[in-house]
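> Note that the protein sequences, when read in sequence, are chains A and B.
Our numbering puts the first residue of the first sequence at 1, with every later residue one more than the last.
Our numbering puts the first residue of the second sequence at 299, with every later residue one more than the last.
Simulated from the structure, these hints should not be mistaken for lab results.
The beta-carbon is built from N, C-alpha and C at its ideal position, and this holds for glycine as well.
Some hints could be false.
Stated by the list, open to error - Footprint (simulated), chain A over chain B, 3 or more residues, beta carbon under 8 Å:
1) 352 to 366
2) 389 to 396
3) 473 to 487
4) 491 to 499
5) 502 to 516
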Amino acid sequence: MSVTPSVYPLVPKIQKETIVSLLEVGKRADGRGLEDIRKISIVPDYIGKSDGSALVYLGDTLVLVGVKIEPGSPYPDTPDEGVLMINAEFVPLASPLFEPGPPDENAYELARIIDRSYREIKAIELKDLVIIPGQKVLVLWNDIYVLNHSGNLIDASAMATLVALMRTKIPNYEASEGGFIVKKEGYKGGLKVKKKVITATVAKIGNYYIADPTEEEEYVSDARLSVSFTEDGVIAGMQKMGPGSLEEKDIDAMVELSWKVAQRYLTEIDSILKSFEQKSEGRKLEESGSSPQEKKED
Amino acid sequence: MGKSNIKLIDENGIRIDGRKPDQIRPVSMSVGVLKNAQGSALVSFGKTTVLAAVYGPREALPRHMTLPDRAILRVRYHMAPFSTTERKSPAPTRREVELSKVIRESLEASVFTELYPRTTIDIFIEVLQADGGTRTTSLTAASLALADAGIPMRDLIAGVAVGKVEGMLVLDINEAEDSGGQADMPVGMMPNLGKIVLLQLNGSLSREEFKEAMKMAIKAIKEIYLIQKQTLREKYAKITEEEREVE
Chain A
1 MSVTPSVYPL
11 VPKIQKETIV
21 SLLEVGKRAD
31 GRGLEDIRKI
41 SIVPDYIGKS
51 DGSALVYLGD
61 TLVLVGVKIE
71 PGSPYPDTPD
81 EGVLMINAEF
91 VPLASPLFEP
101 GPPDENAYEL
111 ARIIDRSYRE
121 IKAIELKDLV
131 IIPGQKVLVL
141 WNDIYVLNHS
151 GNLIDASAMA
161 TLVALMRTKI
171 PNYEASEGGF
181 IVKKEGYKGG
191 LKVKKKVITA
201 TVAKIGNYYI
211 ADPTEEEEYV
221 SDARLSVSFT
231 EDGVIAGMQK
241 MGPGSLEEKD
251 IDAMVELSWK
261 VAQRYLTEID
271 SILKSFEQKS
281 EGRKLEESGS
291 SPQEKKED
Chain B
299 MGKSNIKLID
309 ENGIRIDGRK
319 PDQIRPVSMS
329 VGVLKNAQGS
339 ALVSFGKTTV
349 LAAVYGPREA
359 LPRHMTLPDR
369 AILRVRYHMA
379 PFSTTERKSP
389 APTRREVELS
399 KVIRESLEAS
409 VFTELYPRTT
419 IDIFIEVLQA
429 DGGTRTTSLT
439 AASLALADAG
449 IPMRDLIAGV
459 AVGKVEGMLV
469 LDINEAEDSG
479 GQADMPVGMM
489 PNLGKIVLLQ
499 LNGSLSREEF
509 KEAMKMAIKA
519 IKEIYLIQKQ
529 TLREKYAKIT
539 EEEREVE
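Extracted from the complex, chain A is given alone in its bound form (with noise of 0.2 Å):
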């Protein structure tokens, strides 16, 4: 049952005739502009453990999205693929709104509107996670994890979901002569990743629509609206949240906002991971000049 939330702290009516003051004068509370994205800075590779992770910070919200990659049954209706999982949790570290316990709605929400934007466009590679078609395949495991809490998840969820599948190595497993499972040393090579997707939210507040809101301008928000899309501009993806109204004329200015605002998202990832690239190559040339016995230690 989805019930009209009540522990949403209050924020003063004052406040908001505050920020929409600011925004008439074309400003925010935290000095941005209208359309103005706060820094991003991501960290992939954050977890060794995991086959694929990024840590995204978007202003003060932080994300992190670890990639597990497990033998398991594929989904009857297509036997010669591997299966895509994506879950979120909203851990209680990350805001003193939540609570311990299974995901709640808002949790959902957030995994169903990433899990959708890469479904049915196929944006994943399934095809390279099949081990005996119609019996074994790879399911990968795309778990997103909101540590802090700041406004816009969805947008901060879906950077880190793109970078960390980016980063994704599949695990060399491999059937048994004896239809066993085994897991091999090193990666059968990296997910292919055939469509870049990112999703952009865009929030109306009085007359204005602002891109990647703040915690506090959510709350005074009328509605909000999460476009995918991929890198060529095709929406892949919507999803209309809040207990307000939009007009069509809203809908019409917010898609076109937000795929100015998915631009810069995907800008600043392109140039994240080569210069990240670009460093790790650099240390496996020096790595390889070090001696084998160090490596073999390793």
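Starting from the structure of chain A, add chain B where the hints point.
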């Protein structure tokens, strides 16, 4: 949306169930169908059938859930075990949890909750038979049940889904079209106010297709709205007749 080898649209542009692309399924609506509830509605779009009931405004327990300045809404969207092709476990799925949330948020845009502080308005939705478009049918039924309960609202909410099937935009998709298609976009709206309260998209559309789909949905929603109003009017006409008989 898995693969399907069945042709969903023939060369004449006619859909698998004989409809044209911009045609909704036969709709039937009735209100006041449950004795115990303050308001209720039974709505079907083709084979999709949904029953909605409203209890309240009533006291909420535990009390700390309530709000000092308005009523809270409690909404449950639930599918009956026999509503689907394969039996569905009655335990709530992730999907049902999410749909309960989006339906609640949609209804909150329409109900004057400030009229009933410290109470709850409970809306229970049971999908009796699922053949695509269950969330929009549920929203349409829930709004009708709220009206039947006499709860003041800004406007009724009507909903419909637009899909993309074999590259073509089609209205009010059924299950076969949903699972064999490329996109499913449910829209819920307060038609008289021109305000959209529910919008989701599963699948892919170009931005031009999206705009076109939105126009198709809004046009159909206005038709559905007329049926909703007609259904409510019929109920009151019946009541007046009964009163006359008593006199």
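> Does each hint fit the structure? Answer for all of them.
Now for the hints, and whether the structure bears them out:
1. 352 to 366: Since 4 is at least three, the answer is holds.
2. 389 to 396: Answer holds; 4 residues pass the 8 Å Cβ test.
3. 473 to 487: holds (count 3)
4. 491 to 499: holds (count 9)
5. 502 to 516: With 8 residues close enough to chain A, the hint holds.
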